[in-house]
Amino acid sequence: MSAAPAPLSPLLKPPAIETHDLSRRFGSLVAVADLTLRIERGEVFGLLGPNGSGKTTTIRMLCGLLEPSGGWATVDGINVASAPEQVKMRIGYMSQRFGLYEDLTVDENLTFYAGIYGLSGAKRTGRLDTVVDFLGLEGRLGQLVGQLSGGWKQRVALACALLHQPPVLFLDEPTAGVDPAARRNFWGAIHELAQRGTTVLVTTHYMDEAQRCGRIAMMSGGRLIALGTPSEVAAQVGGGGKTLEDAFIILQERNE
Amino acid sequence: MMMPHFWPMFWKEFIQMRRDRLSLAIMTALPVAQLLLFGYAIQTDVRHLPTVVFDESRTPESRDLIAAFENTGNFRIIANVDGMPSLDRAIARGDAQAGIVVPYDYPRRLARGETATVQVIVDAADPLSSQSAIGAAAGVAQVRNLEILSRAARRTAIPIEARVRPRYNPGLRSPNYIVPGLVGVILTLTMVLITAMAIVRERERGTLEQLIVTPITKTELMLGKIAPYIGVGIVQMTAVLFVGRFVFDVPLTGNVLLLYMVALLFVVASLGYGLVISTLVRTQQQAIQLAFMFVLPNILLSGFMFPRQAMPTVFQWVGLALPLTYFLKVLRGILLKGVGLDALWREIAVLAGFAALLIVVAVRRFHKTLD
Numbered sequence: 002m003s004a005a006p007a008p009l010s011p012l013l014k015p016p017a018i019e020t021h022d023l024s025r026r027f028g029s030l031v032a033v034a035d036l037t038l039r040i041e042r043g044e045v046f047g048l049l050g051p052n053g054s055g056k057t058t059t060i061r062m063l064c065g066l067l068e069p070s071g072g073w074a075t076v077d078g079i080n081v082a083s084a085p086e087q088v089k090m091r092i093g094y095m096s097q098r099f100g101l102y103e104d105l106t107v108d109e110n111l112t113f114y115a116g117i118y119g120l121s122g123a124k125r126t127g128r129l130d131t132v133v134d135f136l137g138l139e140g141r142l143g144q145l146v147g148q149l150s151g152g153w154k155q156r157v158a159l160a161c162a163l164l165h166q167p168p169v170l171f172l173d174e175p176t177a178g179v180d181p182a183a184r185r186n187f188w189g190a191i192h193e194l195a196q197r198g199t200t201v202l203v204t205t206h207y208m209d210e211a212q213r214c215g216r217i218a219m220m221s222g223g224r225l226i227a228l229g230t231p232s233e234v235a236a237q238v239g240g241g242g243k244t245l246e247d248a249f250i251i252l253q254e255r256n257e
Numbered sequence: 096m097m098m099p100h101f102w103p104m105f106w107k108e109f110i111q112m113r114r115d116r117l118s119l120a121i122m123t124a125l126p127v128a129q130l131l132l133f134g135y136a137i138q139t140d141v142r143h144l145p146t147v148v149f150d151e152s153r154t155p156e157s158r159d160l161i162a163a164f165e166n167t168g169n170f171r172i173i174a175n176v177d178g179m180p181s182l183d184r185a186i187a188r189g190d191a192q193a194g195i196v197v198p199y200d201y202p203r204r205l206a207r208g209e210t211a212t213v214q215v216i217v218d219a220a221d222p223l224s225s226q227s228a229i230g231a232a233a234g235v236a237q238v239r240n241l242e243i244l245s246r247a248a249r250r251t252a253i254p255i256e257a258r259v260r261p262r263y264n265p266g267l268r269s270p271n272y273i274v275p276g277l278v279g280v281i282l283t284l285t286m287v288l289i290t291a292m293a294i295v296r297e298r299e300r301g302t303l304e305q306l307i308v309t310p311i312t313k314t315e316l317m318l319g320k321i322a323p324y325i326g327v328g329i330v331q332m333t334a335v336l337f338v339g340r341f342v343f344d345v346p347l348t349g350n351v352l353l354l355y356m357v358a359l360l361f362v363v364a365s366l367g368y369g370l371v372i373s374t375l376v377r378t379q380q381q382a383i384q385l386a387f388m389f390v391l392p393n394i395l396l397s398g399f400m401f402p403r404q405a406m407p408t409v410f411q412w413v414g415l416a417l418p419l420t421y422f423l424k425v426l427r428g429i430l431l432k433g434v435g436l437d438a439l440w441r442e443i444a445v446l447a448g449f450a451a452l453l454i455v456v457a458v459r460r461f462h463k464t465l466d
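Line order of the protein sequences matches chains A and B.
For the first sequence, this note's numbering begins at 2 and goes up steadily by one.
For the second sequence, this note's numbering begins at 96 and goes up steadily by one.
Keep in mind that the hints are not guaranteed to be accurate.
25 Å max Cα-Cα, derived DMTMM-like pairs, lysine to aspartate or glutamate [to be verified]: (1) B:Lys463 <-> A:Asp209; (2) B:Lys313 <-> A:Glu103; (3) B:Lys463 <-> A:Glu86.
None of these hints come from the bench; they were simulated from the model.
Can you build the whole structure from these sequences, using the hints too?
Right, dumping it as structure tokens:
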């Protein structure tokens, strides 16, 4: 296991996310093997791959939810294994499974997470107004989250993840089970955030969404097998003239 | 102690608790329902046992004796039968639980100064209900013997009398014994069950994953989760004491404020046990099963219903690991005996120790990771 790099001088901002030989085993199963990535600030970076290829495990390690078995990773320059609690203030996270309280209203969920992220007074009111406005939640504040449709739930979850203005955002299949119009809206919001400097790491199954990422990494069996812009990855995996979708299917068949 | 994330956590739990109407109704109705059940249905002193009489002699002496049996209040004569077979049948069928047989020579032997026998048959399949009848039958004979013997010895005073003074519960009423204990049992049951599910419910619903990627500390998370239920515990205790006082006439002799302060320690200790259970299990179902496995020894071994002195030593030790054992002493001490801190400080110290230890263990066992 190699050591994480020493902190850089304050003038040189570290990359948003950096991993080196990052690995995770569950017993004898290798979920992620020797993953090395460098994601710059403001990128929308897509993580693609069939189920069980290690996408979620990678995100969970970067969020401090799982300890790496080998290698290292930094988020906003902070080592996730040695200082997971410091990482938590700098990231927003949307889990694959909807993680907000369905028996609380939209407003109560937002207020709760604002409190948990240590916001208070005018700062809290300001941030709540900003995210509500950004995601168009005004008319929904009094509704119980459990009664919202999939698309609205995802917006509320994103709002909660943005309250503390994290520089890095992790979205694990954020649009699974959401209708196409709501997905387009959601991606509009993601690009707006990236333009303002937020780094977004997103996993997805939808090829149209992968096309909207600046760069993508394709994973299979816990390993990185292709990295680059969507068209570069399509060419790497599928050969000339193939689309990203062709590449994905080739990959899945090779895996079976 | 700075815990900036405690209040948001507390507030969230409080809203969720308030919104879960069914659980809230159960938590408030349970103590009163249990109390009425235990208070009215469970009486360990069995009176008025249905009794059949086979009186062979049919004399004023035999009728006098049977009246003496009935006057103890332990026997209720339901029928006179004309032979042993019908007496046996009545007891075997369960129509009667006792039978009194007065032989034909009863008055003659009495008059001659010989030992006159009377037979009392008791259905002892249920030892608890037969016990007082057996005691009363022996008592009837003894009182008669004393009368006859002192007359014969021409004494006006009996030689020795043991004057028994049943202190703290002179009427030997079972509500006085059961109700204070019930406060502790109900608190154990609800507090342990609620918190055993606390962490694991969030894990099952997927909300824990979202919560542990935030800067909230383990201690804030745990304390924020249990704090609203301290209030529930205090409400439950008040309900039981209130009904106990005004429906069952259970005395509140001692310092009630002290009792509430000790109850606070006991509630935190019970919530702590629940939290530890919550860190041991993966599903809500396992949590419920484990919580019940914990509650049962509390009811059996704490001294709530069965005296601890009668238990084998090993089980007495097990009882010492249960906060309820100490809280029961405090409850009965304050409510019935009216004693204070000077008599109960040891139990109170142990409860405080339990509360602190269990919360620390729960926090240390919990990890802000998914594996």
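Checked hints:
Between the alpha carbons of Lys463 (chain B) and Asp209 (chain A) the distance comes to roughly 35 Å, so the proposed pair goes past 25 Å and is violated. The hinted pair formed by Lys313 (chain B) and Glu103 (chain A) meets the criterion: a straight-line CA distance of about 23 Å does not exceed 25 Å. Taking the CA atoms of Lys463 (chain B) and Glu86 (chain A), the gap is about 9 Å. The hint holds against a cut of 25 Å.
Consistency note: the structure conflicts with earlier hint 1 alone.
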